[in-house]
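S.K.: Single-letter residue listing:
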Amino acid sequence: MRPEPRLIEVRRNVLKQNDVVARSLRDRFRAAGVFVVSLVSSPGSGKTAFLEKTLTLLRPSYRVAALVGDLATENDALRLARSQAPVKQITTGTLCHLEAAMVESALQEWDLNQLDFLFIENVGNLVCPSSYDLGEDLRLVLISVTEGEDKPLKYPTIFHSADVAVVTKVDLAAAVEFSWETAYNNIQAVRPGMPVLRLSAKTGDGMEEFLSFLVARLIELREAAAV
Amino acid sequence: MHELSIAMSIVELAEEEAERLAVQIDAVHLKLGVLSGVVKEALLSCYEMACENTPLQGSRLVIEEIPVVIYCSRCRAQRPLSSVQLFCCPECGTPCSQIVQGKELEVVALEIQECVPNPV
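Sequences listed follow chains A and B, in order. The numbering used here applies: residue 30 is where the first sequence begins, and numbers increase by one. The numbering used here applies: residue 1405 is where the second sequence begins, and numbers increase by one.
Treat the hints as calculated values from the structure; they're not laboratory data. It cannot be assumed that every hint is accurate.
Some chain A residues judged to face chain B by a derived CB distance under 7 Å, without partners named [what the hints assert, rightly or not]: (1) 38; (2) 40; (3) 41; (4) 43; (5) 87; (6) 157; (7) 160.
Fair warning: this is a prediction, and the values are worked out from it, not measured in the lab. Ideal placement from N, C-alpha and C gives every residue a C-beta, glycine not left out.
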């Protein structure tokens, strides 16, 4: 007898485990009627400020909560808690992204039926989060005007994993000579047809438009569930 | 850098298959889409690390990179994308965002040693 190499076909998705958990989360979110929004961006693009503003503005009329992923600190959770919405930190340690199982375990003590909106802030990273479905209904990718207009060209993959792009810190646009047109065209080049919003969490500019967009999506989701 | 956790998932998955089929694995063949969010070089070095002290130690990871193919609604055809910075049809220039191929992260085959009779 002599050894001879042979190929065995297997066909297995490497991220299947994550996808299975994400699907079961999505089913739970659907059953509870909660609209789930996740946020991805590079570090420092203003995810936390944007989320704090969003929670503060939504809270008087809607039941909101947030999960926030961070490598080491609880600073973001403390900042978000100022909105008085329930907030839970997911400390990922050295892991550069959130996975569906982390979201699942963070949600254990929460009754999803008591929520209208759940926000999930991913770890600041424009690469790794793109591979992991978290079961969300809507994924926002944020780019701040201070990062420059070419982020979409450098990280096309994350733009393909997200549904809507949000340009943040527009109050600083003039100071950093940010060209809205160039940024918009770059987003459209890597992801034709992607909706793009622009806002400033600091001045509140553009927030109303964003919130109406979210509320419309929540209504849509509940109407679809009622049929 | 999430390649290490991806590599560990690959090793885990291959170990499962090896056990199920009762074979020794020489190489794992992987399809890796350009838009998978995983970097080939990083994955290769992480794979070696992930194999340490497992039955797959010493095995190879063979990566086939899968280019992006989009669907052009104007040509009504699938077209290979020439640049991930520009999602439009290379033939007619229509912007296209429907991805047909290029997000793969899939173990497609395992290479094993099989004992065959010596030629007479």
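S.K.: All hints are to be evaluated individually against the structure, with a verdict given for each.
M.R.: We went through each hint and held it up to the structure:
1. 38: Holds. Min distance 5 Å.
2. 40: holds (6 Å)
3. 41: Given a least distance of 5 Å, the restraint on residue 41/A holds.
4. 43: With Cβ-Cβ at 5 Å, under 7 Å, it holds.
5. 87: violated (30 Å)
6. 157: holds (4 Å)
7. 160: Since chain B brings a Cβ to about 4 Å from residue 160/A, closer than 7 Å, the hint holds.
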